[in-house]
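Student: Sequence:
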Amino acid sequence: MVDLPFVPLLREKKYTSFTIKLINTTTIVSMPAKVYSHAQHDDVVNAVGKHILKIQDESLKSSSTFKIAVSGGSLGKVLKQCLIDNTSIAPHVQWNKWEVYFSDERLVPLDHPDSNYGLFNEMVLSNLPSNTAKPKVNTIDESLLTGKDGQIASASQLQDESIAKRYEASLPENAKFDLILLGCGPDGHTCSLFPDHRLLKERDELISAISDSPKPPPRRITFTFPVLERASSIAFVAEGAGKAPIMEKIFVDKSSQLPSKLVNELKTGVDVLWFVDDSAIEGVNVISSKY
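Residues in the sequence shown are numbered from 1 upward in steps of one, following the numbering used here.
In case anyone wonders, no lab produced these hints; they're calculated from the structure.
The reader is advised that the hints may include incorrect statements.
With a cut-off of at most 30 Å between alpha-carbon atoms, the simulated BS3-like pairs for lysine-lysine come out as follows [as the list claims (entries may be wrong)]:
{"id": "1", "residue 1": "LYS97", "residue 2": "LYS50"}
{"id": "2", "residue 1": "LYS176", "residue 2": "LYS201"}
{"id": "3", "residue 1": "LYS165", "residue 2": "LYS134"}
{"id": "4", "residue 1": "LYS136", "residue 2": "LYS176"}
{"id": "5", "residue 1": "LYS201", "residue 2": "LYS267"}
{"id": "6", "residue 1": "LYS290", "residue 2": "LYS254"}
{"id": "7", "residue 1": "LYS254", "residue 2": "LYS34"}
{"id": "8", "residue 1": "LYS176", "residue 2": "LYS54"}
{"id": "9", "residue 1": "LYS165", "residue 2": "LYS290"}
{"id": "10", "residue 1": "LYS148", "residue 2": "LYS61"}
{"id": "11", "residue 1": "LYS54", "residue 2": "LYS80"}
{"id": "12", "residue 1": "LYS215", "residue 2": "LYS176"}
{"id": "13", "residue 1": "LYS80", "residue 2": "LYS34"}
{"id": "14", "residue 1": "LYS176", "residue 2": "LYS165"}
{"id": "15", "residue 1": "LYS136", "residue 2": "LYS165"}
{"id": "16", "residue 1": "LYS97", "residue 2": "LYS148"}
{"id": "17", "residue 1": "LYS61", "residue 2": "LYS290"}
{"id": "18", "residue 1": "LYS165", "residue 2": "LYS50"}
{"id": "19", "residue 1": "LYS201", "residue 2": "LYS80"}
{"id": "20", "residue 1": "LYS249", "residue 2": "LYS165"}
{"id": "21", "residue 1": "LYS215", "residue 2": "LYS201"}
{"id": "22", "residue 1": "LYS97", "residue 2": "LYS249"}
{"id": "23", "residue 1": "LYS148", "residue 2": "LYS54"}
{"id": "24", "residue 1": "LYS254", "residue 2": "LYS61"}
{"id": "25", "residue 1": "LYS136", "residue 2": "LYS54"}
{"id": "26", "residue 1": "LYS77", "residue 2": "LYS148"}
{"id": "27", "residue 1": "LYS50", "residue 2": "LYS148"}
{"id": "28", "residue 1": "LYS136", "residue 2": "LYS148"}
{"id": "29", "residue 1": "LYS50", "residue 2": "LYS201"}
{"id": "30", "residue 1": "LYS267", "residue 2": "LYS290"}
Because the structure is a prediction, the values reported are computed rather than measured.
Using the sequences provided together with the hints, build the complete structure.
Tutor: The structure is reproduced here in structure tokens:
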């Protein structure tokens, strides 16, 4: 505590003395999410690649590995374009020091069309030059899978929970990621965290099994908010005019409780960025800049 010196205040021609005591506390508040917008897809991809390299290089100054989590969907194609096809970025990617995880995964075999690992393997791993050391990729234990095609029929909820627990056990120390790359669905979901779903309030599990995903297949595992809160950087990639309505709800609608908006509002000091094309925020009252 710090005692400030006597300070006289004039109040009705009388002096009053008082002492102010300052308590040394640290308060972390949410920082506004940064939005980086470019007119062309190639420019968005290039910006994403530059950011990945920036976080990679910063992380490797203090650690022997770069811990990154990725999602599925169109992100796989973006990663190929910015990290492999881009000749100004590709030589600087230190794949042998990467530890790759998935922010969510469908409970299907790894070679299934719905598998996020399968997409990453097709877009990235399979396109790495033969003389390039591969990253360490952490996948679900497919030996524990039950049922078929991620559907409920003939599936074991207990086995799904075992898959989630085993994946949680594989997370980096303290579940701390250097970078988490996310997408945003047309309903505002991210990872496999959907609007109004009970998992939005999950605090005990770092990885949760979900069997009622409104987007098929219904059975998945997903990061929960405690993992997102611990990340150093989170970056969304969202492109196309079809994203504008949900971007409006995420950035303008104060009453919205959409999962992607909740990520924007994290109060743990995580740096949240959005990489978008101009059409994705056309008509949306949001401040953007070039990366």
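Student: Return the numbers of the hints above that this structure violates; sort them in rising order.
Tutor: Failing hints, ascending: 9, 10, 16, 18, 19, 20, 22, 23, 24, 27, 29.
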